[in-house]
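Undergrad: Given next are the chains, with one letter for each unit.
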Amino acid sequence: MGRLAGKLARLGGAGPGSRAGLSHDERLEHPAAADPKQARIAALRQTLDGMAARERSGLRRSVASGEADARDATDPGDTPEEGLRARVLREAPALATHGPARALPGHPEDTRHGCVHTVRSWLEPHHCHGRVPVRSALDAASARVAELALDPSLSGVDLRRMLLVDTETTGLGTAAGTVPFLVGVGYFEDQSLVVEQLLLTRLGEEGPLLRRLAERIGEASCVVSYNGKSFDWPLLRARFVLNRIAAPTLPPHLDLLHCARRLYKRRLARVRLVDMEREVLAFVREHDVDGSEIPGIFLHFLRSGEPGRLDAVIEHNGNDLIALAAILGELAARYAALRRELEPDEQLGFATVAERAGNAALARAFAEAAGEGGGDARCTADAWLLAARLARRERRLKDEGDALAHALRARPDDARVHLALAKFHEHRSKDLAEALRHARHTCPLETEAERDHRVGRLEARLSRRSSTPRLPLSAGSRS
Amino acid sequence: MSAEVRIKSANPSEVFGARRRVPWRRQKGLAAVLAGWERDGLTKSVVLDETLPGRPAVDARVPETLASPVRDALATRGITRLYAHQVEAVRRGLAGEDFVVATPTASGKSLCYNLPVLQRLATEPEARALYLFPTKALSRDQEEGLRGLLRDAGLPHGAITFDGDTPGDARRVAKERSGVILTNPDMLHASVLPHHTSWARLFANLRYVVVDELHSYRGVFGSHLANVVRRLRRIAAFHGASPSFILASATIGNPGPHASRIVGREVVVLGESGAPQGPRRVMVYNPPVVNRELGLRASYLKSAVRLATDLVRAGVPTLVFGQSRNGVEVMLKYLRDRLTKHECPADAIHAYRGGYLPKQRRAIEQGLRSGSIRCVVATNALELGIDIGALDAVVCAGYPGTLAGTLQRFGRAGRREGDALGVLVTSSAPLDQYVAQHPRQILDAPVEHARIDPDNVEILVQHLKCAAFELPFEEGDRFGDLPAEGLADALGFLADHGVVHPAPNAQGTLVHHWATEGYPANHVSLRSVSWDNFVVVDLDTDKTIAEMDWRSTHVMLHVQAIYQHAGAQYQVERLDFENHKAFVRKVKPDYYTTAITHTKVSVVEEEDGAPLAASAPLAAAAPLAAATAADLGAGSPPPSLGAGLGEVSVVQKVVGYKKIKFHTHENVGYGDVRLPEMQMHTSAFWLTWPEELVMRCAEARSVPRATIIDGLRGLLATLRVVAATGLMVDPRDLGTSVGDQSAEGGAPSSGGGGFDPTLFLYDAVPGGVGLAPRLFDERDGLLRRARSLIERCACARGCPACIGPDAGLPMDVPGLQRTPRKALVLGLLDDAGWTTAH
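Line order of the protein sequences matches chains D and B.
The first sequence finishes on residue 479 if you use my numbering, and the numbering steps up by one all the way, no holes.
The second sequence finishes on residue 1838 if you use my numbering, and the numbering steps up by one all the way, no holes.
Check the hints yourself; a few may be wrong.
Beta-carbon label-pair distances, calculated as ranges [unchecked claim]:
| id | chain 1 | residue 1 | chain 2 | residue 2 | range |
| --- | --- | --- | --- | --- | --- |
| 1 | B | A1095 | D | L150 | 51 to 57 Å |
| 2 | B | D1532 | D | A415 | 35 to 41 Å |
| 3 | B | A1506 | D | G218 | 20 to 26 Å |
| 4 | B | G1168 | D | R378 | 31 to 37 Å |
| 5 | B | P1358 | D | L150 | 36 to 42 Å |
| 6 | D | R409 | B | R1674 | 54 to 60 Å |
| 7 | B | E1573 | D | A415 | 57 to 63 Å |
| 8 | D | R161 | B | D1165 | 41 to 47 Å |
Covered stretches of chain D, going by a simulated chain B footprint (3 or more residues, C-beta under 8 Å) [said to hold, decoys possible]:
| id | stretch |
| --- | --- |
| 9 | 167–177 |
| 10 | 236–243 |
| 11 | 286–299 |
Derived from the structure by calculation, the hints contain no laboratory data.
Backbone N, C-alpha and C define an ideal beta-carbon position, used for all residues, glycine too.
Based on the provided sequences and hints, a complete structural model is requested.
TA: Right under this line is the structure:
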């Protein structure tokens, strides 16, 4: 392998931030790696001959074939071992593991902007993704959706005109060289969901595709995506700039990733779209293409003209769009009215969102349901603390005391509970002795100095007036 | 306040004000110091004493072409007249011409680029300018000054530094609103250009690109910058802008050509300074020999301190330059020790070097301007244009290694009027002694050129990938001044490797699109050193007192090292490699430490090799070689040299440290250091001298083997000079080492067999940038040119321009005749068959 070619290959490789590349085993299968040393020396000679031949540019087409796009994520200067391995394990651009040739789904469609390769499918109103009908998205009330998204601009939008958007790209990141080669949009016609996927069949022909997309966005009342705020949209906007097409003004944008994270971060370690699909839709994809393979599949198609597994990518993208609609419908439904069958930590997630959205009634209902749901101690305590907070704001003194008592029972050593109780008894129930008892257990939530200050103040007040509390609310058991 | 009252109560008008005449009164001022040196016999050691004439100011009124807010901003600063070169800069700047300002230090270079930019902002509110500085510290400095100017001109545009430390909200402001973006080439390369679509506002309105400290972009770093500029111009053109370039450089031999190569088109030089300059006395002080037998000279550090002490005592603001951070701290300590509080308070003398925290540096600069600081001891950090104006005297402890560096340091001496002094104190290193023997070269020899090669294949290809990532290449597109044919070939090469994908567009033009996953800029580092740094934490106060780059950490912050900082000593108690922290405690030792490092090059994989035979018949015909062969019993022809190319590992390791006693500089002890070694894999070209040839040569000349090895070192120095020139890189881009080829590289065995001395020339950049392969390619020419350079050099025994100076130290072994080094090197080449005949 040539030194220059090697450098190229290394540079052409995926960066540290890119999706995981091929396994090393796969790379080794390539014949070029069979005798790397011989190949290297041969290529090196050629490169050097070339350099000598041209004094200034020193460049020539290298005939060293079958290498580039090595995906070692190592920096040249990283560890020497990795640098060496990377050099030896250089591989071919094409993925070696493509199945038999398959047809490219969809067909070129003439739009008024030019030809766009389009894959279009209609989903009947009763079509279900997992256990959830896709059309349930239409039942969502925009006011509730706005609360879920913590975005008032979504309130009042006509959800029948929502546009679901999801892209497949040649890489992560939103820098100029990353191309969204498959732009999937979904919209409802009546009760049916239309999935329209715009495929770039040749680089440089993004113009009609982007104009088509702009048209769709222009017709929409809002855009629904999963991580679209920080990925798909900035990337698409960069494409508009690069193609010198005016980027459309985006209507209100509902990024379900943010909603999912707020609602399910207690419950799920990760909240990727597939995690949510499994959790709320009970849908498990079979033979789904691995996201890290997608750029390679497209690049193979680009170089060879063979669709390869592009159909799987299109299916993956289509599923993402359908899942978006179903998740939106299901989340909105779960949020609209309390359902006892939900798990307590889920209820708590909804309670937290409702509280932040200022929907106190819903927040209270979810919080109490979460507290009574028999979840783990942490969840129960959190739920009752939330309920207590809501009660305090609404000056429901007894409710606050009860809620805190529940919280204490769930987690007797929780500093947050003790602090809340200390404040409750000092300022509202006026049971200073009880307040003092709790004030001693507020570390490490408070610093020791803060705790001592509070304890000191309570002791001083107690010694000044040793009157009995007006309300006998010192402990939950007595209420 | 109270002092004032007291003076008033003494009623000064009734008392004689003049000072009493006292015999112990010291004479103040530079002239007195020089007279004192004459009296004390110091001038005997002065080997050069020249006075360079001053020049009057050439200035003119602030041109009327400048908008009134800009003139107001100048007036606020008391500027009603501009120097000729500033006027010229304004004229050319407004005309949109590219130019480089190459006037001396402290001649007001910043205004040369700030004025055109301000004018543009005043007349075109949407206009934008991009400033590039080689370091973060410099951009922060300039940001402050520029903001002041903008404010005084009543311009609402901000100026904002965009680097790795810029917080998120400031980044948004930078993208959307700021009129001037100050950044560094690395940030432009890795962050701004790849995301140019979100910088559309900047690029669409980009009117000026300012490149300050142009001289620092040499060699590989400069070649990278030139390519970043190619990308920048391309992106600007895409967004509809064609900015003018304004560059500023310290003294180099070729500011115009260098600037032109960086920008990729012809750049005009403004080299005539209109700033006034008082006469400047330039001296070279070679410390006297104190031990004739060993040829030892008095310590150059102490000599420099002695001279500086006299200057400070006489009230002359003085700048002392040291070679290393340690040297700077030692001199600071000595200066403070020697000067009594009365003569100069300790806090009026400061050190100034890279490791200091920004706040400390700012305070020192402020003190220098206000006059509360009277002496600064600095490493070359001050060379990088930090705006402190000039002082009356500069003492340079040790030759900086280049003429340009020396002149840049001397440039700091010289007020606008009045005498100034620049004195170089030479050390006993061979290079310094060469300068001492030929001091006039400082005034007469041509200043070094800054060399770059933007078309270096590996560098070019890396940037072409970045460029293709940023914007597809259309047929007919250009990449700076890269010939169209070269660009087409390179893109074809990238297409062959699947990195870019050619596809015709609607008009039928071929377009090369980036067609690979990933972010190419992540894999390209513009410099071989990283930004990575360690912090130094004082265990007693728990405060961070300094920062240190990764490489220096090994040398200066190993456990038990004495870390000197601002005249105080700390001992390193713990070095937390993982978290990049060194924990130190204040101590008062009577010694300081210097690390002992060891560099070893070993071949990891040989990629190519060839005998480097001067064609055999010629070699035999060469008289000297023939004679040698005859001496050795003829018959067997001399074995030929071997040339090789391959991957090497360069290992640097701090193996121990020495304790050096303050003031006496005695070595008072050693210690071990256990630190991970610093390893770099890179490509190397090597030249193997068969052991047989070495032994034959040693016998024929009756010299020990060590002398032959020393001769080979001399030859290696020549090869480096020739290679750097041929490759258009900075000599520092090429590492050199003499070793052998065995992987483990044990002790050189002189008993024949196995140990073939090998001269390594390697790319001093991790991974290499294609220098070694070109050297391998050009190996014949390399050796031929080296031979010719040595032969033609006018020196008698060897000098820095050829094989390096002959140390002049007694190396004679009793009973053996000493061969001049230059003759020896030529003889070595003869023996190997590389005679003049080639």
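Undergrad: If a hint holds in the structure, say so; if it doesn't, say that too.
TA: How the hints compare with the structure:
no. : hint                           : in the structure
1   : B:A1095 <-> D:L150: 51 to 57 Å : holds, 54 Å
2   : B:D1532 <-> D:A415: 35 to 41 Å : holds, 40 Å
3   : B:A1506 <-> D:G218: 20 to 26 Å : holds, 24 Å
4   : B:G1168 <-> D:R378: 31 to 37 Å : holds, 32 Å
5   : B:P1358 <-> D:L150: 36 to 42 Å : holds, 40 Å
6   : D:R409 <-> B:R1674: 54 to 60 Å : holds, 57 Å
7   : B:E1573 <-> D:A415: 57 to 63 Å : violated, 37 Å
8   : D:R161 <-> B:D1165: 41 to 47 Å : holds, 45 Å
9   : 167–177                        : holds (count 7)
10  : 236–243                        : holds (count 4)
11  : 286–299                        : holds (count 3)
Hint 7 from the earlier list is the only one contradicted by this structure; the remaining hints agree with it.
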